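Enquirer: The lines below spell out each chain.
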Amino acid sequence: MPTEPDADLVLTLRVNGDRKRLLIPANRTLLNLLRQDLGLTGSKHGCDVGDCGACTVLMNGAPRLSCVTLAADAEGAELLTVEGVSVGGALHPLQAAFHEQVAAQCGYCTPGFIMALKALFDERPDPSDEELNEVLGANICRCTGYTKILAAARQARERMNGRSA
Amino acid sequence: MSEHEKPSGEPVPVGRRGGKIDGLPKITGAARFTDDLTLPGMLHGAFLRSPHAHARILSIDVSAAAALPGVYAVLTGADLPTPYGVIPVAQDEHALAVGKVLFIGDEVAAVAAVDQETARRAAALIRVEYEPLEGVFTIEDALNPDKPLLHDERRRKGDTNVLRRVFQKYGDPEAGFAEADVILESSYDYPGSTHVPLETQVALAQPHPDGKLTLWSSTQIPHYLHRIVAKVLGMREQDVRVIKPDVGAGYGGKSDPFANELCAAALARKTGRPVKFILDREEVFYAHRGRHPTRMTLKMGVTKDGRITAADFKAWAAGGAYASYGVVTAYYFGVFLPLPYKLDHWQFESHRCYTNHPPCGPKRGHGAIQPRFALELHLDKLAHAIGMSPEALRLKNTVEPDTETSNGLRITSVALKECVDKVVAASGYLEKRGKLGPNRGIGLATSAYMCGALHPIVQSEMPQSAVQICADRSGRVSILSGTADIGQGSNHMLAAIVAGRLGIPETDCVVLESDTGLTPVDLGSYSSRVTFFAGNAAKMAAEQLYAVIRAAAAEKLGGDDVVMAGGKVFRASAPEKALEFADAVQLAEERHGTLGFVGHYKPPKIGSRFRRQSVGPSPAYSFTAQVAEVVVDPETGFVTVERIWAAHDCGKALNPTIVEGQIEGCVYMGVGEALGEEQSYTKTGLHRAPSILEYKIPTVFETPEITTIIVESNDKEGPYGAKEAGEGPQLSTVPAIANAIFDACGVWMNEAPFTPDRVLKAIERRDREARRAAAEEGA
Amino acid sequence: MLPLPTFSVLSPRSVADAVGMLTDHPEARLIAGGTDLLPSMKYGLFSPPALIRLGGVAALQDITTTEEGGLRIGSGATLRAVGRDPRVQRLYPALAAATRTVATSTIQAMGTLGGNLMLDTRCAWYNQSSFWRGALGGCLKCHSGPEGAICHVAPKGKGCYAAHSADTAPGLLLYGAEVELVSSRGARQVAVSALYGEDGRDWIRRAPDELLTAVILPPPPPGAVVHRKLRARASIDYPLLLTAAAFDPEGGPRVVVSAVGPRPILLSGLAEAFRDGGVEAVAEAGYKQVSPLSTHV
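Chains as they are written, first to last, in this note's numbering: chain A, 1 to 165; chain B, 1001 to 1779; chain C, 2001 to 2297.
Calculated directly from the structure, the hints in this document are not laboratory data.
Just so we're clear, the structure is a prediction, and the values are computed from it rather than from any experiment.
Misleading hints may appear alongside valid ones.
Once the Cα atoms are required to be at most 30 angstroms apart in a straight line, the calculated DSS-like pairs of lysine-lysine come out as [as the list claims (entries may be wrong)]:
1) K1602(B) <-> K1556(B)
2) K1381(B) <-> K1716(B)
3) K2288(C) <-> K1147(B)
4) K2288(C) <-> K1761(B)
5) K1435(B) <-> K1422(B)
6) K1683(B) <-> K2156(C)
7) K1299(B) <-> K1212(B)
8) K1761(B) <-> K2156(C)
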C-alpha cells in the first residue's frame, strides 16, 4: 500500500453498463467525471454543493449527489445515470409517466428526480406515498410545485404493479 | 377533447391533455442546455466581483492575472464602455463596472482561461483599489437628497435615488371617500424574492473568422439580447446570431441581458476562441432581477352594502443598483391595482428607487404581486368591518366583460365569477370560514393579469410575434418561431394550434425556435405574452396553409365540404373517401408550389382615454380565484399551508395538463413567497442567503395539495380562445394565505413572508391587545 | 461550477492503513460521505493537501451486537444503514429517528454516522464562499480578515457561537454512547457527552491523528427516548433546534438540546421541575437554560 498521495488517479468503473478506464485528477468530482470526461451531460449542476439533487446518480444502486462525490469514490463501482435508464430505446415506466403527466417543465431537475425515484423503485417496487414524498423531498423542482412529479411517481407505481392508473 | 367554434362555424380541435411534443429529451437526459454544449478549443470565463456595496474604482491592475499561465484575456469596464439596459429610457448598466461599483457582487473584471479553475484563480489575482462611498440601503436613504447618487450622471439639484415616480388619478377620489361608510388605511410590506431557476445563467460565444458571432445563451429574450450584444460590442446586428438552447427555466430571471453573456461574446472576439461563461449558484443571487421589496400604504372606502367607492395607494420599492424593468414596475404597481374590480375614483403614487443591492426586475407576476397582496388583505379587512362575506364583497365589485376600466384598460373576456364560485364550492369556503376552530383557517383572494403588453418595449409598428410554417410532401409540418420555450411549453402551444387547425397529430409538427439567425422575430417570453401573441401568429400562418391544402383537396375530392381531422382530409359528406394528410399536402404543393406561410401578431390599436397609459394595457386579461387552508402553530409560529384550490380563467386550455402545471407552479412560487423566501441583506448590503440551503424555497413537504380548476371564457381575440396561464395564478396565492391566517388566529399579516417569528409576534400583539381590552372593560 | 481546490487522494483499505496515513499526513482530512466536507472545500473554508478516503475501509461499516447487549456501530455505516438496522430501530429508536431527519434521503444514503458526529459547527457568517467571507471581512471562526477578531453573531462576546448541528448527537448522548478513537498511539473511548468543546472554533476533542472508528452503545436505558428536530423546511435543512428527551420512571426526565450553541447541552434541574410542575415545568426550566443566537444556515 503506497502512502504517498497521488495527484492523478487511474479509475476503472462501469457506467450505464459500459466499462470505462480513465486517468483523472484526484480532485475530480463524480459529476464532472460524467459530464466532462464521459460526455454524459444528463446529470446537472444545480447548486454544486449538495442542496438541490439535480446531479443525483445511482452508485451501486444507491442514490448519490455526484457534485459532492469524489470520482475516486467510484473506483470499481457500477454507475447508472439518466442516460442509462431507458434500455433498448424503451422508456422506463417512470419516464413514460413523467412524459404523460408533463412532470418535466424546464426539465433541469428531472434527471435527478428520475434517478432518486428509480433508486426507490429498484429497492421497493410498491412504495407508499410517504416513501415517494421522502424521495421527492431530496430534490428541488422550481417549476411544478411537485404536483405533477408526485402524480407521475404514483402513476408509475400503479403501472409497475399491474394496477390501472 | 373539446372543440372551439370558430366564427365560420368550423370546429378547431385543441385541448388534448398529456405529453409535450418536445418532452421526451428532458426525461432521457438527451436535452441540451447551454452548459451541455462544448466547442473545440473552448475557454472558460470567470468574474471578479465587487466586495463593496458602493465604491469608486481608483485603479485596476490585471497584470498578475494576465500573466498566469492558461489565461487568454482579461477585460475591465474600459473594454466595454457602452451602457445598456433592456428598457430604452434606462440605459444604466455596463457589462463590467465603469468608474463605480454599486452593490456587493457587481462585476468588475472578467477573465477567459483554459479552464474554470484557472479563470477563477486569475480573477482573484486582479488588484482593485477602491474608495468606499456611503451606501444607500433603505427607502429613506433613497429619498434623501443628501445621500450620494448611485448614478452620478443623473445629478441635478435636489436629485434623489428615485428612478421613477408615477402618479395617476382617476375620477374624484375625494368624492369617492365621501360616499364611503367605512374607510380603512393600512401599511403593507412585501419582501424582495428571487427566481432560483435550477439552471444558472450560462452563455457560450463562438467567434467566426468573418467577424460574425454566434451566442448560445440561457435567455428568455433572444431578440433583445441580440440587439444589446450588437450594441455593446459595436457590431452590426446582422453579424450576430443568438441561439437559445433548452433553458432550465427563468420565471422572469433571464429577461435581462447579463454580464456573462456580454463578456462571453467580448472575450470570444478578443481571443478568437469559443468562450463559455457560467454563473455559479451564489452569483445568480447577485444577478437577481427578482421581486422588488415594496412598502405600501392603501386607503380604501366601501359603502355598507359593499360597494368600493375609492382607493388611494402609495408604493415605494427598493430596486437595487440598476433600472432593469424598474420603470415598468413603477407603472404596473398602479395600473393593475384595481383589476379585477370596478373602481371609479382612485389614485396611486409609486416610486421605484435605486439602492446598493443586487438589481430587482421582473419576477412572475411582475409589479402586480405586491399591490395585489395589499388590496386583497384590505378587502378582507373591509368585509370584516362591514360584516359582509369576503366572497360576496368581491363578487359585488367584479369587473364585467366587454367594458373599459376607469384607467382605460379594455376588458374583453372575464370568467372571474365562475372562478370564485368554483373555488368556493370546491373548498367549502362558506361552510368553513370562521368555523375551522382555533389555529386553522381558510382564506380567499382573486386577481387578474395581462396577456402581453399592448405596446412593445422598443416602440415600433412592426409585428411583435411572427411564425413561419412549412409543410412538405412527407406530411411533416415545421414551425419556425422566435419564441423562447423556457419550460412553460410554448413549443407545444405552437404545435397544438397548428396541428389543431390542420387536423394532424401535434407530434407531426417540428418546432424550431429561438435562433435569431433562422427564426422570425418574437420579442420573448415575458409579460405572459407568448400564447396570445405567438399563438395568434401561428394561427394566422396555419390558416393560410389550411386554406391551400383544403382547396387542393376539394378539387381532388370534388366538393367544398372538406374537413381535415385525424391526420386525414375528406369531405364531411363522404368520410370513407379520405386522403392521407401527406397526400393532400402533395396535391397542394403541385397546385401552389412549395408550401410556406408566415403569420404575425400586432395587438389591436385600442383607443384609450388616457394617452399616458402606455404601460399596462393588454389585449386581454386572465382572471384567478384561490382559496387557501392553513394551520398555524401558536407555540412556534410555523404556518402550514395544507391545501390550495385555484381556479383560473385561461380563455381556452390548448393543453390542460400544461395549463394545470403552470397554475401549480404559480401557486408553489406564491407559497414560497408567503412562507419564507426573502432576498435579505446585512446592513452593509451583503446578501444573507445566497444558496439553496439558506434561501428557503419550499420542498415537497411545504408545498400544499393543489387543486386546479380550469375555467374557459373563450376570448374572442385569443388564439382559439386562449389567454395566459403562466403568471396570473400566482397573484392570488399570498393574499389567500394571509386571509386564511386571519381566519385561523385573528391576526392580519401586513408583512410577508409569514415567518415563524413574525407570526409569533403578531399573536403576542393580539393577546396583549385582548388583555388590554379586557382590562379596560373590567375598569 | 464550483471547482474543488487541488489535493491528492489516499485510499486505505484497513483501519491500520488509515491510521498510518493520518500519522504520515497530519494536514490531511478524512472523507467519508463527503456531503459536508466537499461543499466546505468548494467554499474555500479549508484546502487540505490530501484527502484520506474512508469508503474503502469495509470494516468501518459493520454494525455488531456487543457482549453487554448493546451495539457497536462502525463510523462508516451510512445514516441510512443505521436508521434501517432492526436492532437500532428496536433498541435505540431515537437514534433511528435522528438519522431520518438528517438533510435529505439521498444525503442519508451517502453520509455516515461518524461523519455526522464529526460535523463541524456551523454559522450563517462562516459557511459561505470565499468571495462572501471576503466581502464580510472574515470572522472569529475563519481566523482571517480585518473583521477576524469579531463574532458577527455576538460582537460583544469573546467566543465563537457557531452551532453544533449533528442530528444524531443528542440521542446518542442520552443513550450513554461512547466513540472509539484510534491513532498510532493506541485506541481510547470517549463519551459523546465529553466529545465536544465549548467554543465554535474548538468544538471537537479529537487529536488530529485520531480516527473515529465506531460508536459504542450500552444497553438502552429503561423508559422511552425520543428525538425531535425543528427546522425551517422538513427536508434539506440543518436544525434550528434539536432535542432528545428520555424519561425514566425512577430517575425522571433527562433532556439534551443542541443546535443552539457549539455543543449539545444536557439540561439541569429537570427532575425537580418535573416533581413540582410536571411536563410544563420541565419545558419552562429547559427554556430558561437555552439562549439561541442567529447562527443558523
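Enquirer: Each hint: holds or not?
Expert: Going down the list of hints, with the structure as the test:
{"no.": "1", "hint": "K1602(B) <-> K1556(B)", "verdict": "violated (36 angstroms)"}
{"no.": "2", "hint": "K1381(B) <-> K1716(B)", "verdict": "violated (36 angstroms)"}
{"no.": "3", "hint": "K2288(C) <-> K1147(B)", "verdict": "violated (44 angstroms)"}
{"no.": "4", "hint": "K2288(C) <-> K1761(B)", "verdict": "holds (19 angstroms)"}
{"no.": "5", "hint": "K1435(B) <-> K1422(B)", "verdict": "holds (20 angstroms)"}
{"no.": "6", "hint": "K1683(B) <-> K2156(C)", "verdict": "holds (18 angstroms)"}
{"no.": "7", "hint": "K1299(B) <-> K1212(B)", "verdict": "violated (56 angstroms)"}
{"no.": "8", "hint": "K1761(B) <-> K2156(C)", "verdict": "holds (26 angstroms)"}
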